[in-house]
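Q: If you read the sequences in order, they're chains Y and W.
Under numbering that gives the first Met the number 0, the final residue of the first sequence carries the number 349; numbering is consecutive throughout.
Under numbering that gives the first Met the number 0, the final residue of the second sequence carries the number 349; numbering is consecutive throughout.
All the pointers check out, no bait thrown in.
Any copy will do: because identical chains look the same in the list, a pair fits if it lies in one copy or spans two.
Calculated cross-link-like contacts (lysine to aspartate or glutamate; reagent style DMTMM-like; alpha-carbon spacing at most 20 angstroms): (1) Lys282 / Asp58; (2) Lys62 / Glu278; (3) Lys130 / Asp227; (4) Lys90 / Glu299; (5) Lys282 / Glu60.
If you're looking for bench data, these hints aren't it; they were derived computationally from the structure.
There are 2 protein chains.
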Amino acid sequence: MRTLLLAASAALALALPLAAQEAAKPAALAPSEIVAAAPKADWVAIPAEDLLMMTLAPDAEGKPRQVVIQLMPAPFSQGWVHNIRLFARAKWYDGISVNRVQDNYVTQWGDPNYDNPEATGKPKPLPEGLKVMGEAEYSARVEHTMLVGGNRYDPNPVGHDPEVSHLTRGDRYAPATGFVSGWPVGANLDRGKFSNRDLRRDPQLEIKSVWPTHCYGMVGVGRNYSPDTGSGAELYTVIGHAPRHLDRNIALVGRVIEGMEHLSSLPRGSGALGFYTAEEASKRTAITSVRVVNDLPTNEQPRFEYLSTESATFAAYAEAIANRRDPFFITPAGGADICNIRVPMRRAAE
Amino acid sequence: MRTLLLAASAALALALPLAAQEAAKPAALAPSEIVAAAPKADWVAIPAEDLLMMTLAPDAEGKPRQVVIQLMPAPFSQGWVHNIRLFARAKWYDGISVNRVQDNYVTQWGDPNYDNPEATGKPKPLPEGLKVMGEAEYSARVEHTMLVGGNRYDPNPVGHDPEVSHLTRGDRYAPATGFVSGWPVGANLDRGKFSNRDLRRDPQLEIKSVWPTHCYGMVGVGRNYSPDTGSGAELYTVIGHAPRHLDRNIALVGRVIEGMEHLSSLPRGSGALGFYTAEEASKRTAITSVRVVNDLPTNEQPRFEYLSTESATFAAYAEAIANRRDPFFITPAGGADICNIRVPMRRAAE
Numbered sequence: 000m001r002t003l004l005l006a007a008s009a010a011l012a013l014a015l016p017l018a019a020q021e022a023a024k025p026a027a028l029a030p031s032e033i034v035a036a037a038p039k040a041d042w043v044a045i046p047a048e049d050l051l052m053m054t055l056a057p058d059a060e061g062k063p064r065q066v067v068i069q070l071m072p073a074p075f076s077q078g079w080v081h082n083i084r085l086f087a088r089a090k091w092y093d094g095i096s097v098n099r100v101q102d103n104y105v106t107q108w109g110d111p112n113y114d115n116p117e118a119t120g121k122p123k124p125l126p127e128g129l130k131v132m133g134e135a136e137y138s139a140r141v142e143h144t145m146l147v148g149g150n151r152y153d154p155n156p157v158g159h160d161p162e163v164s165h166l167t168r169g170d171r172y173a174p175a176t177g178f179v180s181g182w183p184v185g186a187n188l189d190r191g192k193f194s195n196r197d198l199r200r201d202p203q204l205e206i207k208s209v210w211p212t213h214c215y216g217m218v219g220v221g222r223n224y225s226p227d228t229g230s231g232a233e234l235y236t237v238i239g240h241a242p243r244h245l246d247r248n249i250a251l252v253g254r255v256i257e258g259m260e261h262l263s264s265l266p267r268g269s270g271a272l273g274f275y276t277a278e279e280a281s282k283r284t285a286i287t288s289v290r291v292v293n294d295l296p297t298n299e300q301p302r303f304e305y306l307s308t309e310s311a312t313f314a315a316y317a318e319a320i321a322n323r324r325d326p327f328f329i330t331p332a333g334g335a336d337i338c339n340i341r342v343p344m345r346r347a348a349e
Numbered sequence: 000m001r002t003l004l005l006a007a008s009a010a011l012a013l014a015l016p017l018a019a020q021e022a023a024k025p026a027a028l029a030p031s032e033i034v035a036a037a038p039k040a041d042w043v044a045i046p047a048e049d050l051l052m053m054t055l056a057p058d059a060e061g062k063p064r065q066v067v068i069q070l071m072p073a074p075f076s077q078g079w080v081h082n083i084r085l086f087a088r089a090k091w092y093d094g095i096s097v098n099r100v101q102d103n104y105v106t107q108w109g110d111p112n113y114d115n116p117e118a119t120g121k122p123k124p125l126p127e128g129l130k131v132m133g134e135a136e137y138s139a140r141v142e143h144t145m146l147v148g149g150n151r152y153d154p155n156p157v158g159h160d161p162e163v164s165h166l167t168r169g170d171r172y173a174p175a176t177g178f179v180s181g182w183p184v185g186a187n188l189d190r191g192k193f194s195n196r197d198l199r200r201d202p203q204l205e206i207k208s209v210w211p212t213h214c215y216g217m218v219g220v221g222r223n224y225s226p227d228t229g230s231g232a233e234l235y236t237v238i239g240h241a242p243r244h245l246d247r248n249i250a251l252v253g254r255v256i257e258g259m260e261h262l263s264s265l266p267r268g269s270g271a272l273g274f275y276t277a278e279e280a281s282k283r284t285a286i287t288s289v290r291v292v293n294d295l296p297t298n299e300q301p302r303f304e305y306l307s308t309e310s311a312t313f314a315a316y317a318e319a320i321a322n323r324r325d326p327f328f329i330t331p332a333g334g335a336d337i338c339n340i341r342v343p344m345r346r347a348a349e
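Work out the full structure, taking the sequences as your base and the hints as a guide.
A: Now the structure itself:
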């Protein structure tokens, strides 16, 4: 019986029980199987203070819709993250809506009367205590960071030389790409301090500046023209091919780790930039509430953990994504885009 | 008045009237403005024989849903393209459905009873005359091809040296990337014949093999395990970050050029690999008909054209995407992913 029409992406296959995957014994482990075999110690708990529970109005069938967002840890975007917790605790987000859904780009939510070409009322006053961030904060300085990835142009291809497998040379948008504390990043290497040969030999790099990358599901802060950097009142998530040209141009503050389908499958807006027009106001999805998970009663707090990007399991997982050897594949790519190496995420066992 | 919360992606902004874009006079042309100023001669008509009109059942509000697919020209995937026209002319696709929607991956349509883990009936017999393709056909041989793109790691950055601006060095998935007759491709260069220096100096390259890339909206052919290559009875389109690891592993046959939102915003399936479960059978979107546009009455044939990827306008457009200078941007990327340089497409003037 043939049941596999098109192989699942590694990251999404993670959400499936193994029994639902191929019945045939694979010739080599698929990325999802490597993750499934990870020791418990490779999983890192996400603090409840870094989780937001966003509740949307029920769908057309009356089913509840909840989206869980993980906020970034230091050293990334902490001013905006401060603001977002403040908005949530002031219940400022309660009653706002999704106002823009632009295909292959972003779903954006906020006050429908703020800065919206289709606004019909007055904007909601902002809470006190918001920080104003500078553009320099779009990047952070991170030293001694391990970057994990795969690049077919390495003279020693990923997977063939253990000394190289934790390194990547970057892509069109960044001189280096990799992962810092579970987050995909681009980086400028401090080339004054070491040569390309050093970079290949030593995965513990000193980094000049590091910034999060606009991968699918990442959450960012809408802004106006420079020097505005946005407050966090307007947020968006990426629902298409990674718009990496936005890296270092807009603050990224987190990512959707559960319920992404509630934002990605919304009807697209027909107005400019994908905003819902005034005639389409009924398509705006209401946001009932946004809560910091830490503020919920303990027994209602969802708990999540991610696969440590510093673990050997993650390195093997990234390598397997770059060199697919599971039975569906006939020509392994030899490399993988930073946004296709999705950090494995799961609900923590009770 | 501040109305721009987040800059539109270049490609999608193309669909907007210029009046809907920024009111402020830009300091430099945005990619969409470069395209808007293209001379008529830069636009290439798409043959009606290469267009499919796929009609879905009306949406929940009773609104019609039509999707236009452009099939690939020679030398790409012509065996499968033959089959797809044959399926369409046999009206075999009429009455099939969308059976799988996997977030950040694919929307897939076909016979709900063929190779579907959730099948409840017998599969539909296939028409006569189908070709069986070999895996070698996942790539094509193309000589003297112009590759256009941008790579910040070029010693002479894109946009600063006219000799280099039509070249790209590839990415994690291909030694070179670019465009052939309006289609994004990866390529293996025949390095036996010229050096890197030659590659930089001469944009007319001899190519060893070229294959289409799995960008957002591309249409491919579902298959089973190798050596099966699929017939064209099962088709999918990419609705997330480009799954480039599928390049050279599955046949690509075309792309959605209008109505993509009807496929990308469908509810995700909760079964294995995003298939709708038997309990979710009501979520399957029926495909009413698929017609080769050439077979429609002349006055009902939509006409489309694309911006020639060999034109100077396209080169300027690609360069502007790689180096955004329009007012929203503060840090140009210096490069662009092949899947972010979307080939401009428009309905032809009547």
